[in-house]
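These are the residues of each chain, in order.
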Amino acid sequence: MTKRVVITGLGVLSPIGSGKDRFWEGICSGAVGTGPVRTFDTALFDVHNGGEVKDANALDYISKLDPASIGRSTHLAIAAAKMAERDARLGEGGYEPWRIGVCFGTTMGNSSIIEDNTDLLVTEQRRASHALWSNYPQHTISSAVAEELELEGPSMVVPTACAAGNYAISWGKELIEDGLADAVIVGGSDAMSRACYTTFHRLGAIAPERCQPFDKNRKGMMVGEGAAALILEDYDRAVARGATIYAELLGYGLSCDAHHATAPHPEGLGAVLSMSRALNASGLSPMQISYISAHGTGTKANDATESTAIRRMFGDNADQVPISSIKAMMGHTMGAASAIEAVACALAIRHGVLPPTMNYSEPDPECVVNVVPNAAAQQPVRYALSNSFAFGGNISTIVMGEAVS
Amino acid sequence: MTNTNDNDIVITGIGLVSAAGYSLDTLNESLRSGQASRSSLRKHTAEWSDRDYVGAVVDGWDPEPLLGKKGLQFMHAGSQYLLGASLLALREAGLEESMPEPDDLGIVIGTNLGGLKAASRYDYTAATQGPRYVSPMEAPNTLANSPASYLAIRVQARACNTTISSGQCSSLDAIGYAANLLRKNRAKCILVGGVEELNAYSLWVYNSMKVLPSDGAEKTGEPFDAKSSGWVPGEGAAVLVLERRGDAEARGARIWGEIAAWSSSYRGGFDSAARASGLERAILQSLASAGVTPDGVRLAVAGAVGDPAHDEVEALALRSVLGEARTPVCAAKGVLGETYGAGGIMSLAAALAIGQAGTLPEAVGYTIEPEASNGLASLRKQVGDRPFNGGATLLSAHDYHGVSSAVVLRVG
Chain H
1 MTKRVVITGL GVLSPIGSGK DRFWEGICSG AVGTGPVRTF DTALFDVHNG
51 GEVKDANALD YISKLDPASI GRSTHLAIAA AKMAERDARL GEGGYEPWRI
101 GVCFGTTMGN SSIIEDNTDL LVTEQRRASH ALWSNYPQHT ISSAVAEELE
151 LEGPSMVVPT ACAAGNYAIS WGKELIEDGL ADAVIVGGSD AMSRACYTTF
201 HRLGAIAPER CQPFDKNRKG MMVGEGAAAL ILEDYDRAVA RGATIYAELL
251 GYGLSCDAHH ATAPHPEGLG AVLSMSRALN ASGLSPMQIS YISAHGTGTK
301 ANDATESTAI RRMFGDNADQ VPISSIKAMM GHTMGAASAI EAVACALAIR
351 HGVLPPTMNY SEPDPECVVN VVPNAAAQQP VRYALSNSFA FGGNISTIVM
401 GEAVS
Chain X
406 MTNTNDNDIV ITGIGLVSAA GYSLDTLNES LRSGQASRSS LRKHTAEWSD
456 RDYVGAVVDG WDPEPLLGKK GLQFMHAGSQ YLLGASLLAL REAGLEESMP
506 EPDDLGIVIG TNLGGLKAAS RYDYTAATQG PRYVSPMEAP NTLANSPASY
556 LAIRVQARAC NTTISSGQCS SLDAIGYAAN LLRKNRAKCI LVGGVEELNA
606 YSLWVYNSMK VLPSDGAEKT GEPFDAKSSG WVPGEGAAVL VLERRGDAEA
656 RGARIWGEIA AWSSSYRGGF DSAARASGLE RAILQSLASA GVTPDGVRLA
706 VAGAVGDPAH DEVEALALRS VLGEARTPVC AAKGVLGETY GAGGIMSLAA
756 ALAIGQAGTL PEAVGYTIEP EASNGLASLR KQVGDRPFNG GATLLSAHDY
806 HGVSSAVVLR VG
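Residue numbers (our numbering), protein chains in the order written: chain H, 1 to 405; chain X, 406 to 817.
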């Protein structure tokens, strides 16, 4: 019998609030956390807004490692992981350290090191320190989390761009199902990155003022930053220790458009495949889904093709099932995005609240329209499906539901 | 004979673009002679050093005959290596003319520093000239998973496209990840690979990790050698075609070996014995999961690379698990260099090459000395060749940042 995997702890740092409670207040009140970028000077860019974490200092969570020799995406990941660990009271779980694994997703990794280095080259004609550069490789994110939390299970980073959070969550489920871990800290982390901002800017994808997913007049995505961590735990072990269970991770689907390096497949080929595989793995039909957390970046191409894919997958029900994108509130937090959205889904299930799509004014006939516009709504959420799409046509969908005993 | 099962995960093809050439035959020649391509890395390092670092480079490879010209100029070297090795693996597996359905074909790639060069250039240009001066065609190259993304488009793989980073364990972890997907029927066929390229930026990271040899070092890149002064950095790609045994047999594919188990653990810090305990756990778990006892291991391929502090960790773990059985050990990185994200599958390729030749050559062979006075001395260079007729093979890797991974492979 396959093991059931549940979510027992949540940690998040986001542009609309950090810590599970403040984040959820932000979701419920429809906070919009995007605004002028402060991390770097945007004078040379045509646009100036983004989503940054403003209410938490990730450095406060770092106790073993030297914060000056690790990058900002690692700082954020450590903070999120420690929040989630405390939320789950994982330390009281009686787990051997080697039975707890770590898996994080990221898009840019610790590109803050690249950017610090650029600034030093320009201003002082020198490079960033060896200590800092030695912690550039992607997986220093997961290794630092393991080191700080004294965990000895499998540890890796899945740098599958903007779908990375869901990829990491999926792998955590596999580790528990295969008996390689009792619990896994999964999530995603990406700090605000000038290199990333440059990439989306050059592709003409950044909205000038605000992010308006599924709106007829949407003007693009907005680069954001953040991190989220979720504690995945073997259901039986979680019940035995009396853990709070937010939701059950029921299944996931992976796919790839294999179509274009930066553009989605026009008919949502990979998205349909990923959603249908996630539903199959969860033993659910499309009709049973109570809420869809869309990738919904706010670009013309993404929102239209995602809508096409949802229509193909859900048929007539595509106009009934509530679909929202919290990226309107915080921008696209890259590798953290689907992890933060997973936190939102877990809390949506727990509290019976549908997260809103903010900044929405005019429906687009090319897009889904039942988007929980501009205000959260009270409604029971039994099963939530969450999409994440990325450059390279990388796609991953997860499905979670109420954990019924 | 081991019992086989339709759901065993088997290797039906392998492709290489490496310092030891492009096939198991050339790799075996290199393992036998102890020689592979070596070049000065001055063109990459001149900006920050006046020294002559030496690398195990992919020398004189022309990707065009294999990959065609279209789109090639937009791909960085690592992506070209990965596509090249993948097409060779598919050819070797007999799939070139009868590719799997896209929905059944997946990609899992271990790599670490893929996006560094392009992201560094992007950021520097944006900060000094302005963001509109970067090339949009370079945008995909800023990401760590760009080699895998190009590959998916090239071979039309839609079942999954995963990139895994765990440093020197990346491609062993990619094998574990891919085997899991196949067992769970999430794909029928997976290209699982490892790739890394040497450039000014990746070498700067290695330099900062202080794993490159010190100036005037007498010995470099010599596994398990206390006098070796650090890595010979390497590059290239190694790719396997993995399938379930039932599918492979049904299409009459040649089966090179079986992936019997994977395991991994984390233990960081500066204490070699503590780190070794992490590696030992990964090794023991993988052996237990494969149903292999330590004295059933016919060959171990270690990740030792010529950095004594690092190699000591592997020596301690191998001695502890395999000392009594005195299992022959191969350290292929002495020839192939440290190819980082590709290292694990390069080691696997070495095991297959040695299995094909029937001999563990003296140049890469090591003997365990269980009574040695210190960790590193527990592995000494083998005298003469030793026979290897296939069977349970342990692949191990330990990473600078603390991850340890192990794969149990059945060769033949």
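Careful, some of the hints might be misleading.
[Stated by the list, open to error] Computed footprint of chain X on chain H, listed as stretches where at least three residues anywhere in the stretch have a Cβ under 8 Å from a Cβ of chain X:
{"hint": "1", "stretch": "113-121"}
{"hint": "2", "stretch": "145-152"}
{"hint": "3", "stretch": "181-192"}
[Said to hold, decoys possible] 30 Å max Cα-Cα, derived DSSO-like pairs, lysine-lysine:
{"hint": "4", "chain 1": "X", "residue 1": "K786", "chain 2": "H", "residue 2": "K64"}
{"hint": "5", "chain 1": "X", "residue 1": "K475", "chain 2": "H", "residue 2": "K300"}
{"hint": "6", "chain 1": "X", "residue 1": "K632", "chain 2": "X", "residue 2": "K786"}
{"hint": "7", "chain 1": "X", "residue 1": "K593", "chain 2": "H", "residue 2": "K3"}
{"hint": "8", "chain 1": "X", "residue 1": "K615", "chain 2": "X", "residue 2": "K448"}
{"hint": "9", "chain 1": "X", "residue 1": "K632", "chain 2": "X", "residue 2": "K615"}
Keep in mind that the hints were calculated from the coordinates and are not lab data.
This one's a predicted model, so the numbers in the text were calculated from it and none came from an experiment.
Where a beta carbon is used, it is the ideal one built from N, C-alpha and C, also for glycine.
Hints breached by this structure: Hints 3 and 4 contradicted; others consistent.
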